[in-house]
Every structure is written in structure tokens, then in C-alpha cells.
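Chain order of the listed sequences is A and B.
The opening residue of the first sequence carries number 0 in numbering that gives the first Met the number 0; numbering runs sequentially from there.
The opening residue of the second sequence carries number 0 in numbering that gives the first Met the number 0; numbering runs sequentially from there.
Incorrect hints may appear among the rest.
Result set (PhoX-like, lysine-lysine): computed pairs, CA atoms no more than 20 Å apart in a straight line [said to hold, decoys possible]:
#1 A:65 <-> A:7
#2 B:183 <-> A:28
#3 B:286 <-> B:317
#4 A:63 <-> A:7
#5 B:171 <-> A:36
#6 B:171 <-> B:183
#7 B:318 <-> B:354
#8 B:205 <-> A:124
#9 B:354 <-> B:270
#10 A:63 <-> A:214
#11 A:48 <-> B:183
#12 B:354 <-> B:412
Note that these hints are calculated values from the structure, not bench results.
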Amino acid sequence: MQINFAAKELTIKLVYYGPALSGKTTNLKSLHALTSKEARGRLMTLETKDDRTLFFDMLPLAFKAKDGGASLRIKVLTVPGQVVHGSTRRLVLQGADGILFVADSQVSETENNAASFLDLRSNLKELGLTMRDMPTVIQFNKRDLPNIRSQEEIEGMAKKGREPIFLARAVDGDGVLESFFGLLKITWSRLEAENQLERTLGLSAAEVLPLAHEKLGVEKPLSELLSKSLGFAISDPRFDAPRGPRVPGAGGIPGVGSAPRTGGKP
Amino acid sequence: MNTPQRQSWRPGGEELSDVKLEDLVSREGLLELVESVVDLFGIPIRVYSASNGLLADAAHDQEVCNYVNTFGSGRTLCGTTVSAAKSASPGETGSALHACFTGNSYRIVALEYETRNVGRLIIGPYLPAATVEVPLTLTAVEGVEPEKARVYLARMPRAKEDTIQRIADHFKRALDLIMFAGHKTFLTSQMHLAAVTESFREMQEKNRRLEEANTRLRELDRLKSNFLATVSHELRTPLTSIIGYSEMLSEGLAGDMNQEQREFVLTIREKGEQLLGLISGLLDLSKLESGTLSVKRKVVSVRSIADTALSTVAPNAKKKGVNLATNIASSVVDITVDPDRFRQVFINLLDNAIKFTPENGTITIVAKNIGMMESDGEDDDQDGFSLLTPVDPRIEIRILDTGIGIPQNERAKVFDAFYQVDSSSTREFGGTGLGLSIVKRLVEAHGGTVHVEGNEPQGTAFVVRIPASGMPPRGT
Ligand SMILES: Nc1nc2c(ncn2[C@@H]2O[C@H](COP(=O)(O)OP(=O)(O)OP(=O)(O)O)[C@@H](O)[C@H]2O)c(=O)[nH]1
Ligand SMILES: Nc1ncnc2c1ncn2[C@@H]1O[C@H](COP(=O)(O)OP(=O)(O)O)[C@@H](O)[C@H]1O
Ligand SMILES: [Mg+2]
């Protein structure tokens, strides 16, 4: 996160991590397509001929809180998933405020997901960080494919795990906004808790998410987006202080298609 | 891209806050873009950086401007207008109008990249399309003739405000695209540099760790050799006594023994000698490994070494019913080696050959001069002979047997200490598994190589190659 007090400007950096070909770039492309022209910049992809990310992809999003108010910039970056680009991943990870881990739902990719997660952990360690320091959301992508980890299985894992989980079909844009706002939510909570952003920039947690939602021109209601998290509700206030121990058994009704809850307002 | 690389550069970090228009787009490129728009609409355009530096200027003098500048007060007014236009703010909306006393207009347009201000565009002067009269502010200038002013003003490019706005929008879009491309190139090169640096750092780090591990291993190895040397030496002393006394016993120096007693004592002696052999081998090996074995070189003939070695193993061979033969070309040059050590090489190889060759087999020592450098192939074809011929002539010695042979995949391993192809053979043939590792180290101490080949159709060939000088070849 970077704050420019003179310009009243806050920049946060979200990184999409995950194994090769899990759909990180696709997520970014869909996010680009699903957000309003006014708030999004050009999608920059630094990739090779065969569409594999070489250095990173970057989608800048920017909007103003209110007239004369602080402006918020969100940079969404993807890492190159291929194993050889280890050092590049570490560079991209530097200064990240939150991570969306894009996993491939296919059963056959289970090991690659795990390897990439371990890679993330060791890269964070090299940067002097732990997973606990880093707001993280997990996305199980490619839900349209056959031979995937079942939803029940993922729900079960979500309950035991620390991270909120979203299901997605990034090619069709499904679950892309849900994951993004989920990540933005917990990242903001963390930043707010650590930097008193409300006091310094006049941006409160309660207003930032609806503001981003409005400025990015997203049609689906925010509460509906956030209600899609598996395991427990992302709008749960415990994310506002994510360093503490998890309250067990406090999960909401999990799953895609469950009745929307009134989330988003802690 | 002349933004200097900052130490903490990171993708998606704060690098954009100070991105400058002039860093993303070359001046030449910018000028070309400006000129293309000026050619199209005939209206002057200038581009300023965020810090007010003029980056591109495709304005040409207008007649009315030249005309007012011929009068003192006109010149003053013109100067004020132009400098005011230059520093005028495009305002909140990003686009502002600035009027000239001649009735012309300037439009000042903010240039942005990713919602950050990177400079200004000044379009003009142009005459607003609606103008019909020569404005009073122009005719009021002392010396200006209204008729002339009307004529010059009529020659000004005219434009409607929304046309100007469209020109500005078009220009901004084109420029944005160019800046994006420039930015992408900038990031790519930064990223490339950073990734290479990072990979290099990583590799250095790994190398350092490997080197450390290597040093530690070498140290351990040295300790092990020292330990072995000490232990072997300490073991040898009492063992020599055991052997000596059992020898005296069996010779009846301490009184007569019955048959059974003598057999027992002989067994003690035999096993003692076996043990001594093992310990000597270990001692040799550890000396060789620690590099403390002294090599006293002399010029000797291959034949003389072969002959003494053969005479040593002859009784053994005879007992086993194995024939010994030599085939040493008369042209074979003398070698400069430590004769005792080199005889040890021959003896070890011959001992093995006898051990693993059944009755009526034959063991042959073959020696010849060779030209080829390090060709461990089965056949010495002469490709590239002139290039591969070493400065030192080399001698190749082959010890051939017709025994059980060594399978292809075992051929490299037999030189490892204590390695035996079939450890059950120890029971049948005896041996410690040290012989060949001693051979290898001795040969290498003389700058040579040793490897195993098959001896067609049956048996094993041990191939020893050494420089005739017995020194490592030059350049290694
Ligand atoms: N069936 C299906 N395919 C998907 C989905 N999301 C992405 N893909 C496909 O997966 C492939 C890889 O997607 P990318 O987004 O380029 O993967 P990446 O994670 O950026 O890969 P790297 O850049 O190599 O790390 C592409 O062919 C996508 O079309 C999905 O939800 N369903
Ligand atoms: N001439 C040979 N024919 C077949 N096998 C051999 C021959 N020379 C050596 N070997 C194999 O290599 C092993 C290692 O040899 P060496 O180091 O001399 O130890 P050893 O004391 O067992 O002979 C032997 O145990 C044997 O299996
Ligand atoms: Mg990619």
C-alpha cells in the first residue's frame, strides 16, 4: 500500500497467484470486461506469443471517493505461473496487500495447486512475510470442466481452512467479481486496522466497498457478491481483525446459489 | 525510457506516480503526432510536460500575429497573452478556453495517463467560427489599421469549439495509446532487468551454499583419510606381532605341536595376513586420498614392470591353472613412473584377473603407443587424429582375461572403494573391494586414466593409459 498524502491518494496492490494455466490472466481479462470504462485503465499483459504470462499482467482501477476526497487506486496484477519464472513471481509479490490464489479445480491439478501454494509461502518468507500477514482469498476456477473437486469437498475444506473460498468460471466471468470484492473486503479491513485510514484519509471501511462497487459499475448487488464465499461469510466482522484466531463454527450458509445475505456492512 | 532504475522498483508499485510524459514517449514521436494533427486541421498545437517544459511544437506564425507584433503595444499585449496561455490551467474539467485580444482563442487541455496529470496541450491560436467582426480589442491597438486587421484575421484557421474539443479528444486518445505502449516497454525492460538480477542473485546464493557444502565435505573427507591412516598404522603393529609369533609357533620354535594345533596356528597366520593386506590397502588408499603418498619417478620400461609383476603373481596363476602372456610392442617407449607403485597397479589388476578367470583361461598384458587423447571408446578410430594427438606420447596397457567379465552397468562402479559386483563372490574369491580403487588413484596420480571394457568374446579388459612422462598432460 502506498499513501500519497499530498495528493490524497491511496494505492493498493492485489496479486493473483496460482499454478500455471489456472486462469489468473483470464480472471483479469474478465474483471476488465466487467468493470466500467471510467474506473478502469488499460489491461496490460506482458506475455509470450502463446499467451503465457511472461512477467505479469496489470489492470489499474482508480476512482475518487467524493469530490475533492481521497482517490483510491487498485492495481491488480497476475504472476506468471510457470515454474521457471520463480524470481519474477517474487518480484511481483513485493508490496502486495492481498492475494487471490487462483486454483485449478481439476482433480489432476491438485498437486500443482499445492506446489504453487508452497511456492507462494516460501516467496513470502523470502520477503520476510508469512501467510498470516497476507490477506488471502482462494478461488477454485474452471468449475465448468469435468473431473473437478466437488463442491461439497471444497466446502468441507473451506470450513477447516483459514481463507474464504470462491468458486469461479473465469472464462465466462463467473465468480470473478465475487473473488475480487471478497479480496478487496478483507484486504481493506486489514489495511484499515493497521493504518487508521479512516482517520488519515477519511475513507472508512463501511463506505469503501460500496464505493468501489458503485464506481466500478458493477450491477450485481455487493451483498450478493460477498455472500458467495464458501465456508463462512466474508462479511463476517472477524475479517476486520484477521490476525486473531478464527471463531469456529461461525460459517454462514455456504455455497453458490444460497440465499443472499445482507453482507458488506460490518 | 530514461527514468533511472530505483533500488526498490517493483511491478505495480509506486512507479507510476512519477511517470513522465517525456519518459513514455520520445520527443520525435510526439512531434510527429502533433504535426499529423496540425496537417489535418491547420491549427497550431503545442505540448507541454507536467513541469511546463515545451515537448513538441508544430505552430507556425500567423499573419495577424506578425502584424500586431510590428507595433510596440501590440508586441507587449501578444507577449502577455501567450505567456498567460502557457501557464493557464485546464481547470477541473480538464479543458479551458483562453482568449487573445486579436479575437483568436487558445484551448488548454489537460493530458492524463492513468488519471494522473502528465502535461498540457495548447491548441491555437484559431478564430472561433462564430466571429464576424474585428474585435475592438484588436483595433484599439495603437497603429493597427482595421482593414488590414480584417484581411489578416480572415486568413486565420477557423473552428467551432466542439471541433476543437474533438481534435483534443482525438489527440488525447492517440497519445494515450502511445503512452501505454511506451509504459509497457518501460515495464518490460524494468521487469526484465529485475528478473535477471534476481535470478543472478539467487544463483549466486545457491553457488555459495554449494561451495560451502563442498568445502565441508572435503574437510570431512580429509579427516576420514587421516583417521584411516592412523587407525591402520596402529592396527598393523600388533598384527605384525600376531603373525610373527604364529609363524614361530608353527615352525616349532616353542616346541612341537600336533597336527591339529599346527593347522589352527596356520589358520591364525593366514587370517592375520589377510587382515594385514586389508589394512595395508586401507592405508594406501587413505594416503592416496589425502595426497600424502609420495611418488618417486624413474624412467623405466613397461616390459620390466610387467615382468616383475608377472613373476609375483605367477605362483598364484599356476595354482589356479591360468596362463599368463604378454604382448608388448617393441616400439613402446619408456615411461616415467614410480616403479613400485606402478607394479602395484599391475599386480592388483593381475590378481583380480586370476581370481575371476576359471582354469585354462588366459591373461594377457598388451602394451602399445597411442596418439588419441582421452578416447575411452572401445575402438581407437583415427578421426581428427591431428587435433587429438597430445603433445606427450601416451602408452596404453591392457590387462585382458577370459574370465567372468563385468556387466556394462557395473564397469564404472568397480573402482569405488569396497565395491564388489557380487559380494557373495567374496566368499568364493576373497578380496576386500579396495584393489581397484587403489589402482585408479595410483594411475591418476601418474596423470593417467583407467577404465573397463569387455574382452570379446569372453572376459574383461582393464585399460590403463598414461602419458609416457608420467606427468599430467600440459594444460590440465
Ligand atoms: N474451461 C475453463 N477454462 C478456463 C477457465 N479459466 C481459464 N481457462 C483457460 O485456461 C487457460 C489458461 O488461462 P490463463 O488465464 O492464461 O492462465 P494463467 O494462470 O494466466 O497462466 P500463466 O500465465 O501461464 O501462469 C486458457 O486456455 C483459458 O481459456 C475456466 O473457468 N474454465
Ligand atoms: N578381472 C575381473 N573380472 C571380473 N570381475 C572383476 C575383475 N576385476 C575386478 N572385478 C570386480 O570388481 C570388484 C572390485 O575389485 P577390487 O577393487 O579389486 O576388489 P576385490 O578385492 O573384491 O577384488 C571385484 O569384487 C569384482 O566383482
Ligand atoms: Mg497468465
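Each hint, compared with the structure:
1. A:65 <-> A:7: Holds: residue 65 of chain A and residue 7 of chain A sit about 12 Å apart, inside 20 Å.
2. B:183 <-> A:28: Roughly 17 Å separates the two Cα atoms, so the pair holds.
3. B:286 <-> B:317: The hint is violated at about 33 Å.
4. A:63 <-> A:7: Holds. Residue 63 of chain A to residue 7 of chain A sits at ~10 Å (cutoff 20 Å).
5. B:171 <-> A:36: Distance of about 16 Å is within 20 Å: holds.
6. B:171 <-> B:183: At roughly 18 Å apart (the allowed maximum being 20 Å), residue 183 of chain B and residue 171 of chain B satisfy the hint.
7. B:318 <-> B:354: Holds. Residue 318 of chain B to residue 354 of chain B sits at ~11 Å (cutoff 20 Å).
8. B:205 <-> A:124: 17 Å, holds
9. B:354 <-> B:270: Distance of about 18 Å is within 20 Å: holds.
10. A:63 <-> A:214: 8 Å, holds
11. A:48 <-> B:183: 16 Å, holds
12. B:354 <-> B:412: 18 Å, holds
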